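Q: Below are the chains, spelled out letter by letter.
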Amino acid sequence: MTARTRLIMFLAAAAVIAGFFAAACSRLPPFGTPDHPYAARAVAAALAHRTANTVASVNFDIRAFDTLGEESILFGTVLGATLLLRRARDERHRRAEAERVMPTTRLFGTLLLPVTLVVGVYIVAHGQLSPGGGFQGGVVLATALHLAYVAADYRALKRLRPLTFLDVADSLAAASFTLVGLAGLVAGGAFLENVLPLGTFNQITSGGTVPVLNAAVGIEVASGLIALLAHFLDQAVELTDPDQHETGGD
Amino acid sequence: MGPAALLPLAVAIPLLGSALLAVTGRLLSRVGCDIVATAAATAEVVCLALLWTRGGHLATAELGGWPARVGIVLAADPIGAGLALLVAVLVLAVVVYSWRYFDEPRGQHAGVFPALILLFEAGMAGFALTGDLFNAFVFFELMGAAAYALTGYRIEDPRPLQGALAFGVVTSFAAYCSLLGIGLLYARTGELNLARLGRGLAGHPTDLLTVVGFVLIATALLVKAAAVPFHFWLPDAHAVAPTPVCMLMSGAMVELGAYGIGRVYWTVFSGPGGIPHGAFRTTFVTLGVLTALVGAVMCWQQRHLKRLLAFSTVSHVGLFLIGVALLTPDGATGTALYVAAHGCVKAALFALSGVLLDRYGSVDEHGLHGRARALRPVGLLFAAGALALTGLPPFGTGLGKALSEDAAGHWQPWLPAMFVAASAVTGAAVLRAGLRIFWGLGPVPRGRPGEEETSGEGEEPEIRSPRRTLPPTMVLVPAVLLALALALGCLPAVAGALARGAAAFTDPASYRAAVITGRSASSGAHEPAAGWTTAGVLLGLLSAGLATALAATAVRYGSQPPRWHPAARAVRTLRRLHSGHLGDYLAWLALGVAVLCAMLAAQT
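Sequences listed follow chains S and E, in order.
Using full-length UniProt numbering, the first residue of the first sequence is number 1, and each one after it goes up by one.
Using full-length UniProt numbering, the first residue of the second sequence is number 1, and each one after it goes up by one.
These aren't lab readings, by the way, just hints derived from the structure by calculation.
Quick caveat, the model's predicted, so the values are computed rather than measured.
One or more hints might be untrue.
Some chain S residues judged to face chain E by a derived CB distance under 7 angstroms, without partners named [as the list claims (entries may be wrong)]:
1. ALA13
2. GLY69
3. GLU70
4. GLY80
5. VAL212
Cβ coordinates follow ideal geometry from the N, Cα and C atoms, glycine included.
For reference, chain S alone in the conformation it holds in the complex (with noise of 0.2 angstroms):
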C-alpha cells in the first residue's frame, strides 16, 4: 500500500468508528446523578474492613486479584526489558564518564534526595489512609534514586543503585503478593482472603493486609522501576556499538 492509499483508508474507518462510538457515548447515563451502582456497594465493602481510602480497598482488597495480575504484567516487562536489553554479542561495554555539573545542581540533588525519598515512604505506608499507595509511592522512590543522574552524573547514580539487590527485591515482592494471597487459602478462607487484624478505622495499621500488599507492590515498583531504567540507561549511556553501519541499517 502507498502511504496515500494508507492514509485515506485509515481516515475513512477512524470517521466511521469516531460516528459510532460517538452515537454510543450519547447513550450513556447522564453526569451527577445519584445513582453510583459500583461506587455503593464499595464504600461500604471498604468500610467494613476499616480501609479509609476506598480506591486503595477496591484495589488491593475488594479487586485485589487485578492488581496481583498487573504488578505481574509490571515484573513481566522488567523481566522482558532484561531479556532484550541484555548485551548483545557485538556491544562493547564503555565505562560513563564523571561529568561536570554546576555546584547549585549538585545541591539541589543532595537536599532533594533523601526528602524525596521520604516521601515515597509516606505514600506507600499512607496508601490505605489517603490518596496514594504502592504503584504511585514507588514511583515517586525510583524518581529520587534518579535525582542523582540529573544533578551529578551517571557514575553517581550506579554508585546508589545496587541493581543485583534490586531484581531480587523486585522478584520477592511480586512473590509476596502471591504468597500473602496463599495465606488466606491457608488460613482455611479464599485466596487473597485477609488474614490479618483489621485494625482501628483511620490509624495506619487498619485495613488487615491492604498496607501490607501496598508495601509489597511499593517495593516492586520501585526497584522494578529503577532496574527498567537501569536496562534502557546502560543501553543508552555505556553499550556502544563497534560497526554502526551493520545494525543501522534495514
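Starting from the known structure of chain S, fit chain E onto it as the hints suggest.
A: Only chain E this time, still in chain S's reference frame:
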C-alpha cells in the same frame, strides 16, 4: 482440595515459579533452572488436571471472600478448565523441549527465559478461568507483555525486534479499544462480572452503545485470535519468535481469542439487551470463512516453514470462529476438541521445524530440498503431523473437524465444504514441505526473478554447538504431542467431557445462577453427541486424500500457477497486502473495527 482453591492456584503456581526462577536463576546452573521450571510446569498440569476432573459443570471461587456483586469471581466450566489444561500441557512440553535445545542467556540473566514462559502461562490460565471482564483484560495484557518480550528474544537480529514491535503495537492498540468497550458497558450497568453484566444489560433495549461496546471488546480478542483483517501481526511474529514460543502462541494463545469471544458473547451479550443471535452468527461466520480462506491461500504460498505453519494457524482459527459462532452446543463441542487436538499437532509441527533449524540453520522449504533425508524419524513425525492437520481419522483434529462440520452443516449445508477445503490446503502445504525436505521428492523449486518472498534462509540456529547429536527430547516431545492428539480422537471420555462442557458453555442461565448465587446448578441443557460418525470419517478421509493429492501434484509439477493466470495475479495482490508495514496493519485494524460496527448495527 476443592475447586475454590484450585482455581486461584492455577494462576499462583506459575507466578511463584516465575519469581523463584528470577531470584535463583543467577545462582543455579542451567540444569537447576530447568528443574525449577519443569517442577512448576508439572505442578500446574497436576493442578489443572484436578480442576478438570473435580470441577463439575461450573466451579467458582470468590476471591478475597467477596461475592460477585463487588469482587472478582473465577469460574471454570470444562471448556475453560480444559483450555487452561491445554495451555499447561503445552507449557510443560515447551519447557522439556527447551532443556537441551535453547541457547539461553547466562550469568545475571539466567532463568529469565523460563520465568517469562511461566508468566505467559499465568496470563493464559488466568484469562481462561476468570469470570470477570476487567480481570480478563488484565490477564490479556499479562500474556501480551510476556509474549512481546519472548518474540523479540533473539536480539542480534533486527527482524525479531520488528516482529515483536508490530505484535506489541497492534495488540496494545486493540487492548485500548477493548478498555473503551469495557468502560461503555460499565457506565451502563455498573458491573464488571460477566454474569452480572449480562443481567444488567437485560434492563435496556439493544442500542448503539451495546453494539459499539461489543465490537470494541471483541477487537482485542479478534486481534489475539488473528481473524482477518486483524491477523497481520501473527505470521510476522511467528517467523521471528524462537521455536518454543511459536509452539505456545500457535498452540494455545491464538485459540484463547476465539474462546474469549465465545465466553463474552454467551455470558454478556446473548440475552435480551445484547446482540441478537442471528446478527452475531452471520457476522462471525462470515469473518471465520474469510479468515479460513485467506489463511489457506497464504499458507500454500509460503516457503518459510514457520510462516507456513503460522498461516495454517490463521486458517484453522477461521474454522474455530465458525464453530463458536454457530452458537450451538454441538458447534462448541466440535470446536473445543478441534482446538485441543490442533494445539498439540501445531506445537508438534513447530517443534519439528525447530529440529531443522537446529540441524541446518534454515527453515526454507526450497533450500532444504532433500537435505534432511538422514532424519527419517523426524520426517515420519512431520508427515504424521501434516496428515493430522488435514483431519485424518482417528486423530482428535479429525473428530473435532467432523463434529464442527456436522454442526455447521445444520445451519448452512455448504459450510462443511469450507472445513474440508481449508484443512486440506493447509495440510497439503505442510505435507508438500515435508516431502520435499525429508524425502527430496520432485525437482528443486526455482525462485522466479522479481518475486517478493520470505525465504527462511539465513536464520540463526537457536543454539551454538552444531556438532552435538540431536537431543532426544527434541523428537520425544513432538512424538508425545502427536500421540496426545491421537488420544483425543480415540478416547470417548474426553469428547464426552467436552460435550458436557459445551452444554454448560452455551447455557448462560445456569452460568449466571452459579456465579451470582455461588451454587453450582447442574446444566439442564441437552448434551450433544460427540462420537465418530460415518459421514465424519468419510469427510476426514476426503480431506486427507485431497491434501495428499495436492501435495503430490505440487511436488511433481511445482506449486504455483503460471504468472499470467488471473488467480496468480489475485494471490500476488493478497501477498503484497502482507507488507510488514506497521501502519498498514493498524489501518486494516481500524477498517475491521469500522466494518464490524456497521455490520452489527445494520442487523440490530
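Q: Does the CB of S/VAL212 sit less than 7 angstroms away from some CB of chain E?
A: Since the shortest Cβ distance to chain E is 14 angstroms, the answer is violated.
Q: Holds or violated: is the Cβ of S/GLU70 closer than 7 angstroms to a Cβ in chain E?
A: holds, 6 angstroms
Q: Please check whether S/ALA13 passes as an interface residue: C-beta within 7 angstroms of a C-beta belonging to chain E.
A: At about 4 angstroms, which falls below the 7 angstroms cut-off, the nearest Cβ of chain E leaves the hint on S/ALA13 intact, so it holds.
Q: Any CB of chain E closer than 7 angstroms to the CB of S/GLY69?
A: holds, 4 angstroms
Q: For the hint on S/GLY80, does the least C-beta distance to chain E fall short of 7 angstroms?
A: holds, 3 angstroms
Taken one by one, the earlier hints fail for this structure only at number 5.
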